[in-house]
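Whenever a hint applies, use it, and build me the whole structure from the sequences.
Each chain, letter by letter, is given below.
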Amino acid sequence: MTTAAAAALRVSQLEHAYGPRTVLEGVELQLSAGRTLALVGPSGSGKSTLLHLCAGLLTVRRGRIDNGFARTAMLFQQPHLLPWKTALANVALGLKARAMPRAQRESAARTMGHAMGLDDVALAQFPAQLSGGMQSRVALARALVLEPDLLLLDEPFSALDIGLKGQMHRLLLAEQARRPLAVLMITHDVMEAVTLADSVLVMAGTPAGVRWRLDLSLPAAERSDEWIYRQTARLLAQPVVRAAFDLPAPPAARADATRALAPLPPDAGQTVVPEPADGARERC
Amino acid sequence: MASLLRAWLVGIPRYLWSGWGAIASLLLMVALWEALAAHYGPLVLPDPLATAHTLEQLGTRGGALWPALAVTSRRAFVGLALAVLAGSVLGVAAGVSMTASMMSRPWVTVLLGTPPIAWLVLAMLWFGTGDGTPVFTVFIACFPVVFAGGLQGARTLEQHWRDLARVFALPWHMRGADIYLPHVLSYLFPVWIVALGSAWKVVVMAELLSSDDGVGAALAASRAQLDMAAALAWIGAVVLVLLALEYLLLEPVKRELERWRDAQGARAEAA
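The listed protein sequences derive, respectively, from chains A and B.
Residue numbers for the first sequence follow the numbering used here, beginning at 1 and rising by one.
Residue numbers for the second sequence follow the numbering used here, beginning at 285 and rising by one.
Hints listed in this document are in silico derivations from the structure and should not be mistaken for laboratory results.
The beta-carbon is built from N, C-alpha and C at its ideal position, and this holds for glycine as well.
Hints may contain errors.
As the list claims (entries may be wrong) - If you want the ones that stay clear, here's a sample from chain A, every Cβ over 12 Å from chain B, calculated:
no.: 1; residue: Ala8
no.: 2; residue: Glu15
no.: 3; residue: Arg21
no.: 4; residue: Gly26
no.: 5; residue: Gly44
no.: 6; residue: Arg61
no.: 7; residue: Asp119
no.: 8; residue: Leu160
no.: 9; residue: Arg170
no.: 10; residue: Leu171
no.: 11; residue: Ser217
no.: 12; residue: Glu222
no.: 13; residue: Asp225
no.: 14; residue: Asp246
no.: 15; residue: Ala249
As the list claims (entries may be wrong) - No more than 25 Å apart at the CA atoms, straight line, and that leaves these computed lysine to any residue pairs for SDA-like:
no.: 16; chain 1: A; residue 1: Lys96; chain 2: B; residue 2: His444
no.: 17; chain 1: A; residue 1: Lys96; chain 2: B; residue 2: Arg545
no.: 18; chain 1: B; residue 1: Lys485; chain 2: B; residue 2: Leu366
no.: 19; chain 1: A; residue 1: Lys85; chain 2: B; residue 2: Lys538
Said to hold, decoys possible - Negatives, chain B to chain A, calculated, CB over 12 Å:
no.: 20; residue: Tyr299
no.: 21; residue: Trp350
no.: 22; residue: Ala377
no.: 23; residue: Ser385
Right, dumping it as structure tokens:
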């Protein structure tokens, strides 16, 4: 967004290398309050590195990351719940780090747990006693109870079945409907990105950069399955995207496939996207 | 801590009740002993009742049992405490550094591979017949076990816990108390129990060869007098103390501390 919102995450000219191997180059992106940005790409396309840089888990060496959000939370690929703490204590972990008194943080954690569909029995149990889906809910509650402005998602739902994944998506969208929560998510699941995100950035190449951008103007809550399938198919019809995922030669491109989509030149990470129907316009 | 103590006290009756199977199995062993004793005669193997009687005599009249047990346990626990303290601290410290852990691993292998009896010979030359010899032998037998446990605990502290601590901005005391300590303890506690068992065995061996008092010395004396009943009574005392320690103290504490590990057990407890 050219008119800078109050809080935003701005990444400019970001480069990262592991030893002599450059994995990210010329990455530009901007995420403003309440928006959802999805980075999709094949495994090893540097998207996880980008997220870890944004989370401060890796040190930025070249380029800039400006995180203007007051509170950032993150969901890891696995739930990573502390096995020696009950679900409730796990949810309250971040609040404890803020030195909130026990009674207060437990009641806040309980409320958030209930909102995530965890009853008191589940909250009293240890992570090993919970199913995978329940563990994901605890992990989501642990992040959301901090009332973050920015949530970083490191493919947290990739191990869940389609039903559980849908439940987690609905919980996340409900939270976004409640208050402005910006989400930066990475995933290798194009459909998941199309389900949740306002903008989908496709990352590929060595070193990796943003190769394609898709802006979706329809609010995530109003997206039907059919709409999602169609948009996913359109995205996957793009030669650049197919090449990124190493898919076989593209089927005959449909004439309307490019309407909501705009290519990024492979050498530059920055371009202006043609305006979609309702005027959601962003630079990337 | 208070809740731990309460859980321990409340848990004891149910825990003892669950021990009937173990007791039945042990009684079967006593029956076998009785059969063997009847076959070979009291000179080779006194029967369980005679042994129990001797043990009772040692425990009440004259009172050789309790002073000897006190001396022996003092030595075992001093050696064990030193080994647990030094082994835990140094092991965890070594595990934190890659270089230190690579360097100390062969040392641990050498120490673990050296039989305690070899150390005992050295200790007898260095420390004579006082407390020094058994304490040193216990220490040197237990130290590498505990050290290896601490090393393992610190080395296996996975990157994702560090990331978690970072993302949730955990202050240093929470990193220690909520993440590092429970993780390391889950490695240390089992080796402490192993160390306790070997401390108790090694101290008796050390005393047998080097001391004038304690359970080991009493065993040596009964061997010299060919008093089989007394020898068996002393052995029984040693085993009973170990069993009591393990099943009345350590096992319940371990269950409470590691409830998270065994989901099935915790479910049964909740029911």
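Hints, verified against the model:
1. With a least CB separation of 20 Å from chain B, Ala8/A remains clear of the 12 Å interface cut-off, as annotated.
2. The Cβ of Glu15/A lies farther than 12 Å from every Cβ of chain B, with a closest approach of about 22 Å, so its non-interface assignment holds.
3. Taking the minimum C-beta to C-beta distance to chain B, about 19 Å, the non-interface status of Arg21/A holds against the 12 Å cut.
4. Every beta carbon of chain B lies more than 12 Å from that of Gly26/A, the smallest distance being close to 26 Å; the non-interface claim holds.
5. Once the 12 Å rule is applied to beta carbons, Gly44/A is consistent with being away from chain B; the minimum gap is 18 Å.
6. Listed as a non-interface residue, Arg61/A keeps its Cβ farther than 12 Å from every Cβ of chain B; the least gap is roughly 18 Å.
7. Chain B leaves Asp119/A outside its interface by the beta-carbon criterion, the shortest separation being 14 Å against a cut-off of 12 Å.
8. The claim that Leu160/A lies off the interface holds: its Cβ sits roughly 18 Å from the closest Cβ of chain B, which is beyond the 12 Å cut-off.
9. Separation of Arg170/A from chain B is adequate, the least Cβ-Cβ distance of about 24 Å exceeding the 12 Å criterion.
10. At the 12 Å boundary, the C-beta of Leu171/A stays outside the reach of chain B, the nearest C-beta of that chain being 20 Å off.
11. Here Ser217/A stays apart from chain B, with its beta-carbon at least about 32 Å from theirs, past the 12 Å limit.
12. Every beta carbon of chain B lies more than 12 Å from that of Glu222/A, the smallest distance being close to 32 Å; the non-interface claim holds.
13. The beta carbon of Asp225/A is kept farther than 12 Å from every beta carbon of chain B, the shortest such distance being approximately 33 Å.
14. Chain B leaves Asp246/A outside its interface by the beta-carbon criterion, the shortest separation being 29 Å against a cut-off of 12 Å.
15. With a closest Cβ-Cβ approach of about 39 Å to chain B, Ala249/A is found to remain outside the 12 Å limit, as its non-interface label requires.
16. A C-alpha spacing of about 19 Å is found between Lys96/A and His444/B, which places the hinted pair at or below 25 Å, so the restraint holds.
17. Of the supplied pair hints, the one linking Lys96/A and Arg545/B holds, its CA atoms being roughly 23 Å apart against a limit of 25 Å.
18. As the CA atoms of Lys485/B and Leu366/B are separated by approximately 17 Å, the hinted pair is consistent with the 25 Å bound.
19. Distance check on the hinted pair: Lys85/A and Lys538/B sit about 16 Å apart at the alpha-carbon level, within 25 Å; holds.
20. At the 12 Å boundary, the C-beta of Tyr299/B stays outside the reach of chain A, the nearest C-beta of that chain being 20 Å off.
21. No beta-carbon of chain A is positioned within 12 Å of the beta-carbon of Trp350/B; the least distance is around 39 Å.
22. With 12 Å as the threshold on Cβ separation, the claim that Ala377/B sits away from chain A holds: the shortest Cβ distance comes to roughly 22 Å.
23. Non-interface status of Ser385/B relative to chain A is upheld: no Cβ of that chain comes within 12 Å, the nearest being about 23 Å off.
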